[in-house]
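S.K.: One-letter residues, chain by chain:
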Amino acid sequence: MTLPPLPDEAIVIGAAAADWRAAVRAAGAALTASGAAKPGYSDAMVRMIEEHGPYVVIAPGLALAHARPDDQVLDNGLAVVTLASPVSFGHPHNDPVSVVLGLAVESVGGHLESIADIANVFNDSTVIGALAAASTPDEVRSLMGVASTGEVA
Amino acid sequence: MKIVTICGAGIGSSGILKVNAERVLAKLDIEADVVAADIGSVRAVAEDAQVILTSAEFVDAIGPTFADVIVIVNHFDQQELAEKLERALG
Numbered sequence: 001m002t003l004p005p006l007p008d009e010a011i012v013i014g015a016a017a018a019d020w021r022a023a024v025r026a027a028g029a030a031l032t033a034s035g036a037a038k039p040g041y042s043d044a045m046v047r048m049i050e051e052h053g054p055y056v057v058i059a060p061g062l063a064l065a066h067a068r069p070d071d072q073v074l075d076n077g078l079a080v081v082t083l084a085s086p087v088s089f090g091h092p093h094n095d096p097v098s099v100v101l102g103l104a105v106e107s108v109g110g111h112l113e114s115i116a117d118i119a120n121v122f123n124d125s126t127v128i129g130a131l132a133a134a135s136t137p138d139e140v141r142s143l144m145g146v147a148s149t150g151e152v153a
Numbered sequence: 001m002k003i004v005t006i007c008g009a010g011i012g013s014s015g016i017l018k019v020n021a022e023r024v025l026a027k028l029d030i031e032a033d034v035v036a037a038d039i040g041s042v043r044a045v046a047e048d049a050q051v052i053l054t055s056a057e058f059v060d061a062i063g064p065t066f067a068d069v070i071v072i073v074n075h076f077d078q079q080e081l082a083e084k085l086e087r088a089l090g
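First to last, the sequence lines map onto chains C and B. With the first letter of the first sequence counted as 1, position 109 gets the number 109 in the UniProt record's numbering; the numbers rise by one all the way through. With the first letter of the second sequence counted as 1, position 35 gets the number 35 in the UniProt record's numbering; the numbers rise by one all the way through.
Next comes chain B alone, as it looks inside the complex (with noise of 0.2 Å):
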């Protein structure tokens, strides 16, 4: 399963965010590629995969998509990430 974390540069919230799925998902015993990026490349790098993490902000700009957007409040936030991750992947 291939996950994408979207933030405006593709370093700073999208990598956090990066990190912390990939901990929630060990937890969670979830396989999957976790990648970051910016909002400019989300139609190449998102074609392929099944959720998209990002902030509120970005959801409009990501537009139609096959992906499940989840939209995360707190991104330090292991536990609504475990929760929003699992209500999308369960």
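Chain C on its own, in the form it takes in the complex (with noise of 0.2 Å):
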């Protein structure tokens, strides 16, 4: 496995977000919170919204919120977090949202593994619903198929 670590800290289960502003937020602070990005990620992570548009929700009910590597990386990282009201980000197909994945990474091109993992892991298109569902960080890790230290779960 090449995704990183889940701590407790990069999963927040039922996180209250008026909009997907605050969502993406929600996943900056998660990054934030494991070591990964520093504060200033989050306004990076929404600024790639406002620039591109919600591009970033790329299955029904799932955005893969991220920006580029700069200086407020710290470290490679991911963070889930789930809604406790799915939000919209006026995607024309995949709206609403109910769970956001936050992604650092520190250079291009070193982390297509962590994508592969990432494709493998949602191939099953039954996972971001239970994602949603999930009630503990040890079910969010289960179903991502990763521990909290980085080692293989």
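Take the hints with a grain of salt, since some may be wrong.
What the hints assert, rightly or not - Pairwise CB distance ranges, derived in the manner of DEER restraints: (1) B:K2 x C:R68: 18 to 28 Å; (2) B:Q78 x C:E113: 17 to 27 Å; (3) C:S142 x B:F66: 24 to 34 Å.
Hints in this document: simulated from the structure, not taken from any laboratory. All C-beta atoms in this analysis are idealised placements derived from N, C-alpha and C, irrespective of residue type, glycine included.
Taking the hints as your guide, dock the two standalone chains into a single complex.
M.R.: Printed below as a string of structure tokens:
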């Protein structure tokens, strides 16, 4: 497994987010809490969507929030946020979003194995709904196939 | 053949599209070089590409191109990818 570890700090279950910006910022706060990014990374992720639109909603119910590698990234990291109430990102097909992944990568190119692992997880179309319904961090880690410390689950 | 996947940063959704396009192409027994790139470098990277895979948000920004521009809705749906790639390449 090459997915970054998912410590408890990187998992937020049932976050209250009034809109997509708050949902993305919740993922940014989780990346900051787990030591993967500085607080400014949230702004960078929001800016990507303001600039390019809601393309980060890559499947029904799922947003993959991220920005470019820059000085706000401290380490490769992944965060999983489930929302108490789904929010709209303005996507024509995949709204509303109930699960937000936050991704921080240190460099372009070094992360493709992690991306392949994310694809492995979500190519099972039942996973998004199961994540949205998860009630503990362990459940989330089990669905994502990762351990809290980076060891193979 | 060259296929380019495009998103905002060249990291997230274009990376997912690259990984899943490679899997679908292997199943379809089609040989292709799949490259993930950001929208800012599309002109340089996609100059010699036959197909561009992307999200609806980037179609206008990609602009005129000789490549077939294919819009993918669910990046994890290999069936959607397979059907749209087969239509473009078949």
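S.K.: Are the hints correct? Go through all of them and say.
M.R.: Do the hints match the structure? See the list:
1. B:K2 x C:R68: 18 to 28 Å: holds, 24 Å
2. B:Q78 x C:E113: 17 to 27 Å: The hinted range 17 to 27 Å holds for Q78 (chain B) and E113 (chain C), with Cβ atoms some 19 Å apart.
3. C:S142 x B:F66: 24 to 34 Å: violated, 46 Å
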